[in-house]
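Trainee: So the chains spell out like this:
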Amino acid sequence: MTTAPPNPPAPSKRWTSRSIRRSRWFQPLFAVLLGLVVLAAMSLGGHATPGVIALGELVAFGVVLLLGGRSDTIRGLRGDGRDERFELNRLKAASVAGRVVILAVVIAWAREDSPLPGSRRHQCCLCLVTGCGGGSRSEKTSTQSASVPVTASTLGGSPLRRPAGSSSG
Amino acid sequence: VQNIVRHLRVSRGLSQAVLAEALSVSRQTINSIENNRYTPSLPLALAMGRFFQTSVEEIFNDNGTTEPSSS
Chain A
1 MTTAPPNPPA
11 PSKRWTSRSI
21 RRSRWFQPLF
31 AVLLGLVVLA
41 AMSLGGHATP
51 GVIALGELVA
61 FGVVLLLGGR
71 SDTIRGLRGD
81 GRDERFELNR
91 LKAASVAGRV
101 VILAVVIAWA
111 REDSPLPGSR
121 RHQCCLCLVT
131 GCGGGSRSEK
141 TSTQSASVPV
151 TASTLGGSPL
161 RRPAGSSSG
Chain B
1 VQNIVRHLRV
11 SRGLSQAVLA
21 EALSVSRQTI
31 NSIENNRYTP
41 SLPLALAMGR
51 FFQTSVEEIF
61 NDNGTTEPSS
71 S
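If you read the sequences in order, they're chains A and B. Per our numbering: the first sequence = residues 1 to 169. Per our numbering: the second sequence = residues 1 to 71.
Please keep in mind that the hints were generated in silico from the structure rather than gathered at the bench. We put the beta carbon where it would ideally sit given N, CA and C, even for glycine. Fair warning: there could be bad hints in the mix.
Here are some of the chain B residues that sit facing chain A, going by a computed Cβ distance under 10 Å [as the list claims (entries may be wrong)]:
#, residue
1, Ser-11
2, Gly-13
3, Ser-15
4, Val-18
5, Ala-22
6, Leu-23
7, Arg-27
8, Gln-28
9, Ser-41
10, Leu-44
11, Gly-49
Which chain B residues stay away from chain A? Per the calculated CB distances, all over 12 Å, these [claimed, not checked]:
#, residue
12, Arg-6
13, Val-10
14, Arg-12
15, Leu-14
16, Ser-24
17, Thr-29
18, Ile-30
19, Ser-32
20, Ile-33
21, Arg-37
22, Tyr-38
23, Phe-52
24, Glu-57
25, Glu-58
26, Phe-60
Some chain A residues close to chain B (C-beta under 7 Å, calculated; not the full set) [claimed, not checked]:
#, residue
27, Asp-80
28, Gly-81
29, Asp-83
30, Arg-85
31, Glu-87
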């Protein structure tokens, strides 16, 4: 006797961090908030005029995001039109941005007149080189592992799962 | 990985936008797939197979580059 599969659970209507980030209002509001933070920081530093300019630019960016809903690119940037390809691009962009930040921090640290001895500077340069090369090495490794076919024979000649009722021999 | 998504779509008289909406992806993604600039994920490939009522292997062809070896 076969039983009908249970109904899938109804999608949750809770606000999750993912749903919030994918709403059309999140990125524009975040841009405005960032602009206010920049304005506050620059005002504290005595540069209020550039802070106002930065706020204006970020508000304009937010308005473009909010009103440019017909473009797939803007919908993807905004979050509500983000699909798997855009997510992949976002991950790549985050990886590149992270590497650039690390590079900038390491270069700034190496150039600074720090009290570190010269050997630490060499370590710093080593970090810089390995940090830059790390991504390409891992990509090569993943390509190499992907090119090796994984078959039933390479897994010991037996399928991972046997159908129910079949004897294992 | 080559594919015949464009052929299947045009033969059914669909636009990229309609196909994209049916598969819940952007039109740019469909365009990238048709021009072999992006290989879709397995769920999206399966969704395409269901949409076109054909198998994934008929839509996507890797020209034997990922053929399992006998060794």
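Trainee: Against each hint, give a clear statement of whether it holds in the structure.
Mentor: Results of checking the hints against the structure:
| no. | hint | in the structure |
| --- | --- | --- |
| 1 | Ser-11 | violated (24 Å) |
| 2 | Gly-13 | violated (22 Å) |
| 3 | Ser-15 | violated (14 Å) |
| 4 | Val-18 | violated (14 Å) |
| 5 | Ala-22 | violated (13 Å) |
| 6 | Leu-23 | holds (9 Å) |
| 7 | Arg-27 | holds (6 Å) |
| 8 | Gln-28 | holds (5 Å) |
| 9 | Ser-41 | holds (5 Å) |
| 10 | Leu-44 | holds (6 Å) |
| 11 | Gly-49 | violated (16 Å) |
| 12 | Arg-6 | holds (17 Å) |
| 13 | Val-10 | holds (20 Å) |
| 14 | Arg-12 | holds (21 Å) |
| 15 | Leu-14 | holds (17 Å) |
| 16 | Ser-24 | violated (7 Å) |
| 17 | Thr-29 | violated (4 Å) |
| 18 | Ile-30 | violated (10 Å) |
| 19 | Ser-32 | violated (6 Å) |
| 20 | Ile-33 | violated (8 Å) |
| 21 | Arg-37 | violated (9 Å) |
| 22 | Tyr-38 | violated (5 Å) |
| 23 | Phe-52 | holds (18 Å) |
| 24 | Glu-57 | holds (16 Å) |
| 25 | Glu-58 | holds (21 Å) |
| 26 | Phe-60 | holds (15 Å) |
| 27 | Asp-80 | violated (11 Å) |
| 28 | Gly-81 | holds (6 Å) |
| 29 | Asp-83 | holds (4 Å) |
| 30 | Arg-85 | holds (4 Å) |
| 31 | Glu-87 | violated (10 Å) |
In the structure shown, a violation is registered for the earlier hints numbered 1, 2, 3, 4, 5, 11, 16, 17, 18, 19, 20, 21, 22, 27 and 31, in ascending order.
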